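Visitor: Sequence:
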Amino acid sequence: AADNKGKIKDKVSVMYTTTADGLGTNAKGSTQAQVLEIVGAENAIVVENVSDKGGGNQINLETAMLSDPDVIIFTEESIYNDVAVLSGWKEMTAVKNGSYYMVPTMPYNWLGNPPSMNMLIGVWWLGNLLYPEYYSYSMVERIREIYSLLWNYDMTQEEAKAMLSVAKFK
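Going by the working numbering, the sequence shown opens with residue 1, and the numbers climb by one from there.
There could be a bad hint or two in this list.
As the list claims (entries may be wrong) - Cross-link-like lysine-lysine pairs, in silico, DSBU-like; alpha carbons within 30 Å at most:
#1 Lys11 / Lys96
#2 Lys28 / Lys7
#3 Lys90 / Lys53
#4 Lys96 / Lys161
Stated by the list, open to error - If you anchor each label on the Cβ, the simulated ranges turn out as follows:
#5 Gly88 / Tyr153: 21 to 31 Å
#6 Asp21 / Asp154: 31 to 41 Å
#7 Glu141 / Glu62: 40 to 50 Å
#8 Asp154 / Glu62: 42 to 52 Å
#9 Val85 / Glu141: 30 to 40 Å
#10 Pro132 / Lys96: 16 to 26 Å
#11 Leu61 / Pro132: 29 to 39 Å
#12 Glu37 / Glu141: 20 to 30 Å
#13 Glu76 / Gly29: 22 to 32 Å
#14 Leu120 / Lys11: 14 to 24 Å
#15 Gly98 / Glu77: 14 to 24 Å
#16 Glu159 / Asn60: 35 to 45 Å
Treat the hints as calculated values from the structure; they're not laboratory data.
Model, not experiment: these values are computed from the prediction.
Yeah, the Cβ is synthetic: ideal placement off N, Cα and C, and Gly gets one too.
Generate coordinates for the entire structure from the input sequences, incorporating the hints supplied.
Guide: This is the structure:
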């Protein structure tokens, strides 16, 4: 990942939301958002007092709209399914372009809630999502590999594809 990060010229700005209303965010510098930095993304949310708690920093809709990220990452049990019709959200570039995703969570959130070894999968997943030209590999095979290595589980291709389907992956 570090080798790829240096090659990336046009960084993708990403807002990583964590709460049901989409306004709890893991801001730049938070432990839960470190995967964004590892893959070479720019965290769209910058705050003065960064929170490392699971819900991150609470912002308002105006701040989210002003940040106008290229990509928005939602967690489960959020406004993910309704964001395309919600006032304010539907006007954001990422939503207009269909560039919003739900982070997979099996067995835990892949981006850092809790910060754990699942972040390894998160680096592969987010890198492949944002910069497929640099993080070029089969996510299905990467998931199967990590589940075999870390959890001694022989995952099928179908199970891996189902995990990725929540994030609009193929």
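Visitor: Determine which of the earlier numbered hints do not hold for this structure and return their numbers in increasing order.
Guide: Violated hint: only 5; rest satisfied.
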